[in-house]
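With the sequences and hints as input, model every part of the structure.
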Amino acid sequence: MFQVWAPWIVREAINHLQHGTTRAALARDAGLILLAVALQGLFLFLMRMTLIRSSRRMEYELRNDLYDHMQRLHASFYRRTRVGDLLSRTTNDLDAVRNFLGPGIMYFANTIVTFCFAVALMLRIDVRLTLLALVPLPILSLAVARLGGKIHHFYEAIQDRFGKMTAKAQETLAGIRVVKAYVEEEGEYHAFRAIHEDYTEQNRKMIQLWSAMMPLMGLLGGIASAVVLWVGGSAVVHGRISLGDLVAFQIYLSMLLWPMISLGWVSNLFQRGEASMARIRAIMDEPIEEDLEAPRLRRQERQRVPIELKNVGFKYPASDRFVLRGLNLSVTPGERVAIVGRTGAGKSTLLALLARLFDPTEGAVLVGGRDAREWTRADLRRVYGIVPQESFLFSDTIRANVAFGFDEHGAVPAAEGPLARAGLRSDLETFPRGLDTMIGERGITLSGGQKQRVALARALALERPVLLLDDAFASVDPGTEEEILQSLFEHRTRPTLLLATHRRSALLRVDRIVVLDEGRIVDTGTHADLIRRGGLYADLYHREEMVEELEAL
Amino acid sequence: MAAPWEAFGHEEEKVGAVYDHGLAKRLVRYLKPYRKEIFISVVLLFAISLLEVAGPYITKIAIDKFVRPLHGGAVPEVAVRGLITLSILYVFVLIVAFALRYWQTYTMSMVGQRAMQDLRLEIFKHVQTLTPGFFDTRPVGRILTRVTQDVSTLNELFAQGVVAVIGDIFLLAGIIGAMLFMNWKLALVVFTTVPLLVLATAIFRAKVRVSYRKVRTRLARINAYLQEHLQGVEVVKLFNVETKEFRGFDRANKDHYEAHLQNLFYYAVFFPAVEFIGAIALALILWYGGLGILEGTVTFGVVVAFLQYSERFYQPIRDLSEKYNVFQAAMVSSERIFDLLDTKPAVPEPAEVAAATGTKAGRLRGAVEFDHVWFAYKDGDFILRDISFKVAPGEKVALVGATGAGKSSVANLLTRFYEFQRGSIRIDGRDIRDIHGRALRRQIGLVLQDVFLFGGTVRDNLRFGARERSAEEAERALHEVGGGRMVGRLPNGLEEEVGERGVYFSMGERQLLAFARALHYDPSILILDEATSSVDVETERVIQEALRRLLEGRTSLVIAHRLSTILDADRILVMHRGELREQGTHEELLARRGIYARLYELQYQGQGAGAAENGDRAGAGGGNDDGREASGRSSEGSESPASAEPAAGSRGITSSPE
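These protein sequence lines map, in sequence, to chains A and B. Residue numbers for the first sequence follow the UniProt record's numbering, beginning at 1 and rising by one. Residue numbers for the second sequence follow the UniProt record's numbering, beginning at 1 and rising by one.
With a straight-line Cα cutoff of 27 Å, these simulated DSS-like cross-link-like pairs (lysine-lysine) come out:
id: 1; chain 1: B; residue 1: 344; chain 2: B; residue 2: 378
id: 2; chain 1: B; residue 1: 36; chain 2: A; residue 2: 205
id: 3; chain 1: B; residue 1: 323; chain 2: A; residue 2: 205
id: 4; chain 1: B; residue 1: 36; chain 2: B; residue 2: 323
id: 5; chain 1: B; residue 1: 25; chain 2: B; residue 2: 344
id: 6; chain 1: A; residue 1: 164; chain 2: A; residue 2: 205
id: 7; chain 1: B; residue 1: 32; chain 2: B; residue 2: 125
id: 8; chain 1: B; residue 1: 207; chain 2: B; residue 2: 323
id: 9; chain 1: B; residue 1: 32; chain 2: A; residue 2: 205
id: 10; chain 1: B; residue 1: 125; chain 2: A; residue 2: 164
id: 11; chain 1: A; residue 1: 205; chain 2: A; residue 2: 150
Hints in this document: simulated from the structure, not taken from any laboratory.
See the structure below:
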């Protein structure tokens, strides 16, 4: 509102000047302008601070909600969704939504207010002149809307070509060995060039339009002011309005130009924001892991839990092939069981079912005599210490990685113990900053074996009653493995051990071995039993013997 | 596994100088081809500035000559006629300005587009000269960023950078000139606000630069956190730490929010401050101009024109200060691009380029000799140790050994994908280091385990590398390897689109396509990394037949996974831990009861039922167990087949060194 005040003062001042005025009056007018603009500035400041700030706040909240939701989504969701797509939801789409809610709304409000007040004052000066001067403005808005639609269309075409160009570059880079081997660099270059030329051509179309659009605004706005000069000037000549009126009128007109343009821009922001919000909502609508009502379990209740599989069958969502079928198995507290089978036999899936990353398609997993589905996931997962096959570590210090399972506000045990049990004591000395060494890109790169051992220490630190180790020693050298197994099997709490493994040192130690083949248990027994029977296990074991022998050669 | 935060690595946080002479000089080279357009553009900008300056001046004349004198007793009709003339003149000026501005914007934007295309093509061409080793250690995504985003950033510099600065300066000079011309005293009074504006802008820029950097690093941190935690979401779940990890995310998110608030504050202060400085100018014009009017030294027209000029005066100054960001971003991007362009291929080409050899050199006989070759991907960590063997022209040699034994490295050296450290490799008695890589590879066919097909039709793929030969020949090659039936099944035959990476074809079909492609390429030496995937019996038979046809009459080195292939070989080389430990025929080697005998029992005997799942051991770590395959989710991250750590891959020659 204060924005339209200043030109009014200019009008007054000029009118005063025409009729002869005093220096004091002049100074007062000048001072009033400063005051008007200062007040206007104050309000602009406040508006920006509230509107934009709240849009940032919204962005913050929405991002938190998204993250929280995403980490509660089912494991199966992540098997069908690319992380890159999710990332673009939380970056690009979130940005688009915020741009609409923040700057979008701010400019929109600004436009409406400026328009109303400025036009009201213009009408007060001269109705006919106002109508004449405003004629080009709706044309301007219309032009922006029309061109805006076209520009949007071109924009999509450009994005599409850009995507094609990126895809081609990616293809060539990913297949660089084949390209080089077949001496096809030039062919690829020409293909890329053709795609890029198409991209440039689409850009050219856009530029053609765009180059016209901005100058067009100037042209239309200018024509309006030429009209004012002519009609308004004549009006002054005929004494219908004053010179001050004319000057103020020109200022109002230029003031209206930008809001009319920004209307088109805001509609664009709105469209994009809407599309992005729909994409974000699609994720928020994905079902999360929900637990049945279950009483919280006390720590003691989780201490000695037998595990039982009852006729368990499982297939991945959207697949008709059973990965596991008809599994029956019972593990008593403290028992050490190895699960053996060929690649793809279903060992990892079995361990994932125990921890309820997935629920069985048929049958049931009983933990502590109760169907695992009746536990809360949190309680159930507190039963296990897990070492997944892929030893995924976080880019943090070694200490933080070992303490990963602990709340930072609670008691966190020293990392040295678990690390020593995982056979990392001597490695630790070689790290530049010991336990506080960062790992990952900003720190040191661990070898495969070291990663596995840190992942093991992470699970051991929790001192859980049941340990699930999925091929946890694959990259660990035999000597170290021996050491680790020793401490693992002789640990005072004697946790239940479930090991998916094919390593001899482990097989010879366990109480019982379960042989999986194509999703079914084909045999169980002690090592000696199974070797005597001479089935798949004996075969696998024999192979393992040879592999280890070969490695030693 | 690729480091998960790769895509948002700290490289992106780098903040560079606004101007670096070396970089600028190199960048200017990309504009050189467009000297003419740029010259036109500058001339146009000059003309546009003059026209822009004309508007307020016309207003001044109108007021002083026609509107104002009325009070002095001029004839209204004359005044109105004069106003009409001036208005028409004004519209004419506007139209000309519009046309020139359109022309200028179009010309300069297209210069940007063209320069951008030139640069992209140059990068693309350059990247193709780099050796596969380069891609082992860098995620494809990062190189793609150079090709796409960084170049786009430079486009802004090309299209709106330097030339726009010149335009702003012209306009500014024009306005200053016009103001001085009309009334130099009033002009000087108005100019006293300029230092204020410059000061405000400088402070704002300095503040925003710092806070904006904070915003960017914090956003990068959020994204890195997100990417890592989404990739490791199962670990988060298994360890029950959703709440704790959420707190971690919230901290990063809040930091980002707060950085924005700080940034926002500067903006919220700056814009009104600039308005206020404008108001000071306005007040000065009214006051000082008004005094002038009272004294009779200034006309109304001048005051009005000054009011209009002062509005236009600030725009170029603000534009100029915004260019700062454009320049800074461009410097960072160009530095990265030039870093990439300056990367030399790791395998040097012979000095006098193979003009002598050419890519169409006479056909090699195909005698291969490894002579005490030592090779390490990483310094000192030798993967091949003292390897020596000879392959006679036309001989079929099978390479066997556990994963990590060095088989793929042999192939990598022979194709000059990697440089070896000691010894020499000769083909037909000639050291391969003296042959141009492309000429050499034109003679060597390579069939990888993972068949890589390119977008386009089946026919395009078959003709890959040998487009000089006819399409009919390509078709014949496909029939020769027994792919006729497969093509018959495709709705569009050879014109069928392959789809992204050949996803529409089965493993067996893709292998046949790869064989046909190699056959059509007709190399004198063939290197084949046999696929380990099991196929049905019928396909297996077709593939074996195709393989026999492909190897016929060619020197071949086969990294063998199939028993039939080994039995068909003239000789077997047994690799173990980077050394060539045994060689001979199947029977000879079995009789020695050494490594081969064990490998045979382990990997090849009884093949068919259990498929070839042999010693995946050494490559473990990269997951290929149970559920992962069934679910179809690749464990190797979203886009880079080559992982960040060469040692972790498990896909043989296509992804990473052994």
